[in-house]
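Residue numbers (our numbering), protein chains in the order written: chain H, 7 to 326; chain Z, 22 to 284.
Calculated directly from the structure, the hints in this document are not laboratory data. This structure is a prediction, so every number in the text was calculated from the model and none was measured.
The calculated DSSO-like cross-link candidates involving lysine-lysine, where the alpha carbons are at most 30 Å apart (straight line), are:
#, chain 1, residue 1, chain 2, residue 2
1, H, LYS180, H, LYS190
2, Z, LYS246, H, LYS34
3, Z, LYS246, H, LYS135
4, H, LYS285, Z, LYS280
5, H, LYS267, H, LYS285
6, H, LYS267, H, LYS298
7, Z, LYS125, Z, LYS220
8, H, LYS267, Z, LYS278
9, H, LYS285, H, LYS34
10, H, LYS249, H, LYS267
11, H, LYS249, Z, LYS177
12, H, LYS325, Z, LYS280
13, H, LYS33, H, LYS54
14, Z, LYS167, H, LYS249
15, H, LYS285, H, LYS33
16, H, LYS253, Z, LYS177
17, H, LYS253, Z, LYS280
18, H, LYS285, H, LYS298
19, Z, LYS280, H, LYS298
20, Z, LYS246, H, LYS298
21, H, LYS190, Z, LYS177
22, Z, LYS167, H, LYS253
23, H, LYS135, Z, LYS125
24, Z, LYS130, H, LYS190
25, H, LYS114, Z, LYS130
Sample of chain H residues facing chain Z (criterion: CB under 10 Å; computed from the structure):
#, residue
26, ASN78
27, SER79
28, GLY104
29, PRO109
30, VAL124
31, ALA248
32, GLY261
33, LEU262
34, PHE278
35, VAL291
36, PHE302
37, VAL304
38, VAL307
39, GLU319
Every residue gets a Cβ at the ideal spot worked out from N, C-alpha and C, and that includes glycine.
Residues per chain, in single letters:
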Amino acid sequence: MTQIFAYIPHCAGVYEDIAMEFPQAAKKIDEGASLTAVVTGSGADLDKVADSLTGLYSEVIKIDNEALAYPNSEVIRKALCNVLDPQAIILLPHNTLGMDLAPGLSIKMDSAYAADAVDFEGIEGSSLKIVRQELGGAVSTHVTCDISGGAVITVRAGSFAPVEASQGGSVVDKSGEAGDLSSKRRFLEIVEAEVGDVDITKSDVLVSVGRGIEEEENIEIAQELAEAMGAVVSCSRPIVDAKWLEKSRQVGTSGLTVKPKVYMAMGISGSFQHMGGVKGNPYIVAVNKNAKAPIFQVADVGIVADILEFMPELTDAIKG
Amino acid sequence: MEILVCVKRVPDTAENEFELNSAGNDLDRDDLVYSVNEWDNYAVEEAIQIVDNVGGSVTVVTVGDDESEEVLRREMAMGADNGVLLSDEAFEGSDGKGIATILKAEVEKGSYDLILTGAQADEGAAQIGGMLAAMLDVPFASLVNKIEVGGDSVIKVGREIEGGNQEMNEIELPCVLSIQTGINEPRYVGIRGIRKVAKVEIPLKNAADLGIDTAAVGEAGAKVKRVDYFVPDLGEGAEMLEGSTEEIIAQLIERIKSKGGLA
Ligand SMILES: Cc1cc2nc3c(=O)[nH]c(=O)nc-3n(C[C@H](O)[C@H](O)[C@H](O)COP(=O)(O)OP(=O)(O)OC[C@H]3O[C@@H](n4cnc5c(N)ncnc54)[C@H](O)[C@@H]3O)c2cc1C
Ligand SMILES: Nc1ncnc2c1ncn2[C@@H]1O[C@H](COP(=O)(O)O)[C@@H](O)[C@H]1O
Chain H
7 MTQIFAYIPH CAGVYEDIAM EFPQAAKKID EGASLTAVVT GSGADLDKVA
57 DSLTGLYSEV IKIDNEALAY PNSEVIRKAL CNVLDPQAII LLPHNTLGMD
107 LAPGLSIKMD SAYAADAVDF EGIEGSSLKI VRQELGGAVS THVTCDISGG
157 AVITVRAGSF APVEASQGGS VVDKSGEAGD LSSKRRFLEI VEAEVGDVDI
207 TKSDVLVSVG RGIEEEENIE IAQELAEAMG AVVSCSRPIV DAKWLEKSRQ
257 VGTSGLTVKP KVYMAMGISG SFQHMGGVKG NPYIVAVNKN AKAPIFQVAD
307 VGIVADILEF MPELTDAIKG
Chain Z
22 MEILVCVKRV PDTAENEFEL NSAGNDLDRD DLVYSVNEWD NYAVEEAIQI
72 VDNVGGSVTV VTVGDDESEE VLRREMAMGA DNGVLLSDEA FEGSDGKGIA
122 TILKAEVEKG SYDLILTGAQ ADEGAAQIGG MLAAMLDVPF ASLVNKIEVG
172 GDSVIKVGRE IEGGNQEMNE IELPCVLSIQ TGINEPRYVG IRGIRKVAKV
222 EIPLKNAADL GIDTAAVGEA GAKVKRVDYF VPDLGEGAEM LEGSTEEIIA
272 QLIERIKSKG GLA
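Excised from the complex, chain Z in its bound form (with noise of 0.2 Å):
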C-alpha cells in the first residue's frame, strides 16, 4: 500500500507560554519551542504499522518553510521512506484551502491508496483531511481510530464519535482518513535515529514544479484570514491563591470543604 501522510510544524503546547509581542496583534515568536503536531505522529506510526503488515512505503509531506524540514526528518526517522517539502513564498498566508490545494497537486503526482492527516493541528480547524478528500473527489472519513486493512479496494476503519463510542464504516480505496489520538503508541525517536536521516536528501518543490497557480494560493487566494491575536476577557477567571504553600493549602483546605468536597 503506497500511502501519503501530511504532517505539520507547530508550536508545542506542551513546552510553550504562549504571550502576545508587543504590538498585542501576534504571539511573541521568538522563543518558542517547535515541534511535529501531535496528531500527525500517530497517522504516522498507523502508517508504517499498516505497511509492516501489507507492504508499501510511507511517504510523508508539508507545506511550510525551511525549517520545516525538521519535522520531515523526525517522521523519516520514525520509519517514513520518504519525504516531500512543498514550499514557495507563494504558499505564505494560505488558509485552509490553500493549504489543501497544494497538497492536491501532490498527491496527484504519486499513486498513493492511503493518504493520512492528523484530526486537527494548531489553529484547532480539522479541515484538510475533509477538503483534500473533497477537492481529489475520494471518500473521507475524520477522527479515525482503527484501520483494519483486509481487500485492495475496501478497508474497515473506526471513527471516534462522542462519548468515546466507536463508528465501524467500510471505505473504498483511495481515501483519505483524519488519525485522532490513542489509535496507536506512536515510537519513540532517539538522537540516533534523527542522526541516521540527518543527510537524507528532502526534495522541495515550489509552486511550478507542482503546477499550481499562484492566485488560487497564498494571501492572494485566501478567502479566510487571521487578523489578530488577543486575550479574551472573559470576566473574572479563578481566583488565584497566593502565598506560601502551607497558606494557599489552608486556604484551599477551607474553600473545598465548604464547598462540600471534604468533610
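Isolated chain H, as found in the complex (with noise of 0.2 Å):
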C-alpha cells in the first residue's frame, strides 16, 4: 500500500487551507493510499493544529520541540528525516516553507523530487504520473516521477478541490524521535512588509499593470484610465522589482491579497504567483497582445491588444 506523508505548515495554531486540499491530492495519487498528516511545532499552538487536523486525517504525527518553534526549514528536515519512512511519498506545499525545505528534504532522504504538481494521474507500476506547468504558466507537461524509493513532491495550493472536516483521527506524538536538531542557519525575526499611501485591499476596482507597461513613464496610462474609472492602480511583481511602484500596489502570494468587484489586468501573464493574490471571484478583464497568454484562461473577458494604445482610448471613452 502507498504510504503517503502530508506535511502540514501551521500559524497561531491554525493550519494552512492546503491542510483541506492534501487529502484530495493523495487520493488522486493513489485511491488507496495511507495518508498521515505530519506537524511541527512546540508547546500549545502545535497540540491545537494536531487537534484540528483529526477532523482531515486519521492519523496526525506530532513532533514537538523548542528548536521547531519557528518553522526553520534545516530543523524541520533533520525531524521529518527522523521519523518518517523515506521510502513513503511525502507532500508539502509548493510556497515559501517549501522551497526552502521539500528539495534538501529528497536529497536526504534519498527520494526523487518533483516540484509544484496541479495535479496527478495515478501510479502505473512505480511510475507516478504528475501535471505540471512550465514558462510561468504557458505550457503544461506530464512527468513521470520513480517513486521505488521514496519521493518528495510539492503541491500547488488551490489546486486540489477541498474536504470537509468529519471523520476524528487519533494524535500520535514522535517527539522522542526526533533527533538532534541543531542548525548552521538560526532565525533572527520577521521584518513586516512596508504599508503604503494607498490601499488597493479597499478597492472595488483595479487597474493592474504587468511587464506589457514596458516603460516607467507608461504607469501614467494605467493612471489616468483608474483615475477615470474611480479605480486604483496595482501591479505585478516585475513593476515592484523595478521600483517604479511601490511593494504596498504588489497583487500576489509575496505581495497582497486583493477582493475587488473588478480586476483589470493590463499586460499580466497571469502566473499562478500573481493570480494567488486575487481572491473572491471578481469579474477579471485581460488586455495582452499575445493571445496566447495563461491570463485568457482565467479571465471573464479578455481582449487581445497594445496595452499602451488600449488603455488610453478606453480612458477617453470612458470620460466620453
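Put the complex together from the two separate chains, hints included.
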C-alpha cells in the first residue's frame, strides 16, 4: 500500500488551507493510499493544530520541540528524516516554506523530487504521473516520477478540491524520535512589509499593470485610466522589482491579497503567484498582446491588444 | 569572498509565444528566443556587489550545451570574473538531482564561501539550490532578498516569505542561497560589454573532467522525466472580444458596468 505523509504548515495554532487539499491530492495519487498528516512545532499551538487536523486525517503525527517553534527548514528537515519512512511519498506545499525545505529533504531521504504538482494521474508500476506547468504557466507538462525509493513532492495551493472536516482521527506523538536538531541557520526576526499610502485591498476596481507596461513613464497611462474609472492602480511583481511602483501596490502571494469587484489585468501574463493574490471571484478583464497568454484561461473577458494603445482609448471612451 | 553563481539559459517568456510542435509533444523550438534566467541576473549582480565591498571573485557556471556559453559571457560582461561550462552528452535529460550532482562536482573542485542560484528557472521547480546545499551538507536559504556580509564565518540573510514579509536569519558559511528578484537592480549590459569578453577563454568540463559517474546523471540517472507538453483544457476560458477598437470598448464598458465596476 502506498504510504503518503502530508506536511502541514501552520501559524498560531491554525493550519494552512492546503491541509484541506492534500487528502484529495493523495486520492489522485492512489485511491487506496494510507495518508498521515505531519506537524512540527512546539507547545500549545502545536497541540491545537494537531487536534484540529484529526478532523481531516485519521492519523496525525506531531513532533514537538522547542527548536521547531519557528519553522526553520533545516531543523524541520532533520526531524522529518528521523521520524518518517524514506520510502514513502511526502507532500508539502509549493510555497516559501516548501521551496526552502523540500528539495533538500529529498536529497537527505534519497527520494525522487517533483515540484509544484497541479494534478496527479495515478501510479503505474512504480511510476507516478504528475501534471505541472512550465514557463510561467504558458505550457503544461506530464512528468513521470519513479517512486520506488520514495518521493518528495510539492503541491500548488488551490489545485485540489478541499475536503470537509469530519472523521475523528488520532494524534501520535513522535517527539521522542526527532533526534539532533542543531542548525547552521538561525532565525532572528520577521520584518513586516511596509504599508503604502494607498490601500489596494480596499478598492472595488483595480487597474493592475504588468511587465507589458514596458516603461516607467507609461504607468501614467494606467493612472489616467484608473482615475477615469474611480479605480486604484495595482501591479505585478516585476513592476515593484523595477521600483516603478511601491511594494504596497503588488498583488500576489508575495504581495497583497485583493478582493475587488472588477480586476483589470493589463499586460499581465497570469502566473499562479500573481493570481494567488486575486481572491473573491472578481470579474477579470485581461488585455494582452499575446493571444496565448495564460491570463486568458482565468479571465472572464479578454482582449488581444497593445495596452499602450488600448488603455488611452478606453480612458477617453469612459470620460465620454 | 569566493562566490560561485549558477546560471541557466532559458526560453525568454517575455519574447516568445509558446506553441506546441506539430506532433503536439514538445514546444516548437525553432524560433524561440533564449536568454539568461531572470532570477540569475539578480544573483550575479548580488555577487558582484559583495565582491566590490569585501573583495574576492565571482565565477559563473552553467550545465548546458555549446549555446549556453552565451549566457556565461553575458554574466561576465556584467562583471563576473570567470565562467565555466559543464557540458557532456551524458548530462542530457538530467532531472534536478542530476543537475545538482553535476554542479556539486564543480563546487568541490574550488573552494567557495558562497554559492548563489536563482530562486527558480523556466520549469518553475525552485529545486537546484536546496538540493545542492543538501548534497554538500552546507546550510541553505531560499528566496533571499537581502544579504549582509559581516564576519568571515556567518552572514545575515533576509528571506522573502508570504505577504512580502521578510524573515531574517543568521547562516554559517559556506552556504547556498537562492536569490529572489528585487534584491538589487541588475546592471545593464550593452553590446560593448559583451564585446569585451567575447574572446575570453571559457573552460569546458565534461563528465570525465568532473569525475562524474554517468549512470547517476542524464536520462540514465533521472527519476523524474518529462513525458510531453500539452495545452490544458481549462473549461471555457475568457470571452474574447473582437471587432473594431470602438466596438470592443463599447462591449467592455457595458460588461464592466454590469459588474459594478463603473457608474
Ligand atoms: C516565490 C515567488 C513569489 C512571487 N510572488 C509574486 C507576486 O506576489 N506577484 C506577482 O505578480 N508575481 C510574483 N512572482 C513572479 C511571478 O512568477 C511572475 O514572474 C510575474 O507575476 C510575472 O509578471 P507579469 O505578468 O507582469 O510579467 P510577464 O510574465 O513578463 O508578462 C507580461 C505580459 O505582458 C504582455 N505584454 C507585453 N507587452 C505588452 C503590451 N504592449 N500590451 C499588452 N500586453 C503586453 C506579454 O504578452 C505578457 O503576457 C513570484 C515569483 C516567485 C518565485
Ligand atoms: N542547467 C543549469 N546550470 C546551472 N544552474 C542551473 C541549471 N538549472 C538550474 N540552475 C540554477 O538553479 C536555479 C533554480 O532553477 P530550478 O531549480 O531549475 O527552478 C536557477 O536559477 C539556476 O541558478
